[in-house]
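A.B. asks: The chain contents come next:
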Amino acid sequence: MTGRETRVPSETANATFVEFDRVQKSYDGISLVVKDLNLTVAKGEFLTMLGPSGSGKTTCLMMLAGFETATNGEIRLDGRPINLVPPHKRGIGMVFQNYALFPHMTVAENLAFPLEVRGMGKSEREAKITRALDMVQMGAFAARRPAQLSGGQQQRIALARALVFDPALVLMDEPLGALDKQLREHMQFEIKHLHESLGITVVYVTHDQGEALTMSDRVAVFNDGVVQQLAPPDELYERPVNSFVAQFIGENNKLHGRIEEIEDGRALVRLDTGELIDATPVNVSAKGQRTLVSIRPERVEFKPEMMPDGAHTIEAEVLEFIYMGDLYRTRLRVAGSDDFVIKSRNTLTQRRLQPGERIRIGWAPQDARALDA
Amino acid sequence: MKKLLVTTTALVGFAYGAQAAEITVMSWGGAYAESQIEAYHKPFTAQTGVTVVSVDADNPAVPVEAQVKAGNVSIDVADVEYPDAVRLCDEGMLETIDHSTLPPAPDGTPATQDFLPGLLLDCAVATITFSTIFAYDASVFPEGPTSISDFFDLQKFPGKRGMGKRPRANLEMALMADGVPAAEVYDVLSTPAGVDRAFAKLDSIKGDIIWWEAGAQPPQLLADGEVAMTTAYNGRIFNAAIAENKPFTVVWDGQIQEYDLWVVPKGAPNLEAAMEFVKFSTDTQRLADQAKYISYGPARTSSSALIGLFKDGKTEMLPHMPTNPDNMKNALGSNFEFWADRNKELEERFNAWLAAN
Amino acid sequence: MAEAVAGSGGGLRTADGRPLGEALAQAQGRARRRALLLVAPLLLFVLFSFVVPIGQLLISAFSDDDFARNAPALGAWFDENPRGSPIDESAYAALAADLKAAKENRTAGQMGERINYEVSGARSLFTSTARNADKFEPPYREAILAARAEWDNPRLWESMRQASSSVTPNFFLAAVDLRRSETGGIERAPEEVRVYQMLFMRTFALSALITVLCLLLGYPIAHLLATLPLRYSNLLMIFVLLPFWTSLLVRTTSWIVLLQSEGVLNNILVGFGIIGDDGRIRMIYNQTGTIVAMTHILLPFMVLPLYSVMRPIPPSYVRAARSLGASSWTAFRRIYVPQTMPGVAAGGLLVFILAVGYYITPALVGGATGQLISNLIAFHFENSNWSMAAALASLLLLAVLILYWLYDRLIGIDNLKLG
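Protein chains in written order, with the working numbering: chain Z, 1 to 373; chain V, 1001 to 1357; chain C, 2001 to 2419.
Errors might be hidden in some of the hints.
[What the hints assert, rightly or not] Output of the computed footprint for chain C on chain V, the stretches with three or more beta carbons under 8 angstroms from beta carbons of chain C:
no. : stretch
1   : 1215–1226
2   : 1338–1346
[To be verified] Stretches of chain V that chain C covers, calculated by requiring three or more beta carbons in the stretch to come under 8 angstroms of a beta carbon on chain C:
no. : stretch
3   : 1058–1070
4   : 1089–1098
5   : 1200–1212
Bear in mind the hints are in silico, worked out from the structure with no lab data behind them. Note that CB positions come from ideal geometry on N, CA and C, so glycine has one too.
Turn these sequences into a full structure, and let the hints steer you where they fit.
C.D. replies: Written as structure tokens, this is what we have:
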């Protein structure tokens, strides 16, 4: 871990709670939706499955919840295989994409449902419901019907309902997808906060990388039925292990070229247009190999005084300058490509580049990652 | 003189052509309507050029009454049963028919004397005698039932019974099966106790009765094996047995004789042609001709002598006629006065009885 | 839009000073008139094909002037002599006058028919007496009683008194097995002709049973349709709708072919030795036949509303319930079923109301015990007793309206989802 504080309680740290062991899933008997998934979630961890739609992340979640059966392999919960355990006996809380609040019941009845089916007495039920509603600041809405609540309020109730019966594991299937941006960011914080205070294990599915980065202890990036990278958010962002992850997480500039020199974790890349740039090799190893160099827009420097020592610079032409409030976003033509973007903070000293201006840009070698092409 | 006659005929023919190229005759469908088409309709069209459209009803008296009441008559001539003819006539729903215009017998006897007694009414002219009998499938009962009481005897002859869905004929048969002599049936039935007795007898087989509504149904029920025996109009069974070679046998014991009559509804659209059709079809030869196609007896005395073979050319018709002496040993003539007056009331009671579980 | 400003008269006014409400009405009036023009043909059609005939039906249930029209003298006598007056010579004189006219106009049958509804045998009394009416001489009482002694019957005279007014509630009384007593009071009809109360009860009981059967059969089908992939559910939907594309008569007669005692089903049972050849089960021409055939015919009316309610219910509700710890049965019972209630209610109401008025199927396969009230309505129409048919039909309509009202009170009509 890279200086990031982990909130896993120490006595259960690294204790495996959920385990996917060589899990495969096929719907049609012809192709695999999930290909050989091996994944463990520690007790108390917040793990996010991130990926584009159709990448297999929701299928994994549904297999864990018990609504889909694994075609092959084993899923273990707290060491116990659960492939054959029906969903209602798994004791897993779940928050659905559209909340799935029962429309014919009031908020209180919705929350009472999981307690009733567990045969809990009335007074105990009421205490738990009150506590769960207070937890999401919805105590005043117990008598309302879901249709009388706003999206954000429904979201909170869905959360409270998934937590009211004290499950050790809570699954969330794109729970914030239907909310507007501001509310979504607020809820991210609240969910995160609940996770920390309750010490529950959360498996969270989303296709929104910002959400994944904000909330998770670790993120599993899915593509094509395979986990591309499983890492904490900072590592994922700063050190993507392949070009898919690099492109999927955050904004990214791409430059195509060949390895000219490679040694000691440094590489010199000859771009297709002839320029030489510095890069850090990630999953390339041989001289002459084709590569895709990935550089984050905010790590590109254009002021000569800020340029790292000995860095190679290349020429760029300013095409467009966009004012975004906290940031300036400038589009450049670099090495024959028109979509090279740099971001710079809106500070008093920051210079606004003019379209048509010619500048030289550069970066620290560790910020440019040479990946498989 | 001769020339004048030709001219008149031509004119009359022309007049028909101008106002009535077509008349609508309503009858009971099936083999019976077929016999009328062959014996009456086709020759009438050949002679006058007026097309006869034959339409069917379960009981033509019903649409006649409805049409006259609604003031929208499309039927020109209808074949109805005697009590309906009397009743509709009483209620002023029929055109009167002048008996003197009916054609005389070949020997010159006027129509009023040639028709069997009582078969010429103010508003109706009889064509045939038929009877309601019961019939069975001889392949089911080789030692078949022979009397009307056998029809009500489920022990001796198990199986479903078919009966018309109306009180008429059923009540009389029930009383005869219960031991009432034919001559006393209507006296008994005129008393409330007699009606109760008839219904009680029907009640004894109620669970095994399948009700038919149209005359063409009973031979079908018998052929399908749905019923073991059924009441029916004798001509329908005759046609199934002789023309279609079904193993059906008629039991004449307890037969109830009735008549069918032509009536012209008040307001018939083609009154003149309708009257012409009634006269044409009730002459001696036409009535005798009909017996070639179905085993119903003609209403004219003079026609009887002309009855010969069935249309197949080999079956003698007389043994199959309701009026054949052999078939008349225990026969009942339907009492039309009784039914004209009591039909509605007994139908009400019958419906209540029928609907009760 | 004109800006609204507070006017001196209290209400809001537009910028140019017109009352706001008036301006709004004017602005929307044109659109409304055009909309009305569009629906006008339908309104006219409904008026003439629905409202007017039903109105006529209701009127004819109350009125029958067959007697009143043909008995002016008796009508005048009844007007002058209140109920309870002795039936004296003047009454018989009026009767004789009316009968004489009846003989001439051949209307005795009509007069008698009307009285015959209430007094059995009245028809023959009128026709036979009228036949000799022109020979009656005063004193008429003796003359008429000599012809037919039955005229001396208080019930007959009470009945004629009522019939002399063309408006009468008697058909409604008869439709619930009641009748006027000799003194003009109301009493139950004689037991052997009581049929309507029982038939109404049977109609409602069988309709309820058919509705329940349709629900039991239709619910799983609708659920299957709603949850299968569209490709399969469309195919299955065709099977559900197929009966709609087939003539009602064909469907009904095919049940006859299947169920009759020499029919397919019985033959199979006999063929497998499950029942003996003489033990063939009677499945048609009785209540069983009516129930089976009507359940089949009305099934789509249950399936379609159910389907339309079930289709949009996302599977996540049941999944949520399952994840919250409910067994599949509990999730179905407590989460799925309550959400389908609008469909159940709509399908139930639709099937029930259709069943209550069903005519052709019970007529064909119902035998005697499977007849419904509609069959007697048809019977009375066929026999030209339109008033009686109208009275029965009005009662049926009333009963259905009451049920609808009850339904609205108990479940709420806005909870209905027809599709």
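A.B. asks: State for each hint whether it applies.
C.D. replies: Hints versus structure:
{"no.": "1", "hint": "1215–1226", "result": "holds (count 3)"}
{"no.": "2", "hint": "1338–1346", "result": "holds (count 5)"}
{"no.": "3", "hint": "1058–1070", "result": "holds (count 4)"}
{"no.": "4", "hint": "1089–1098", "result": "holds (count 4)"}
{"no.": "5", "hint": "1200–1212", "result": "holds (count 4)"}
Every hint from the earlier list agrees with this structure, and none is contradicted.
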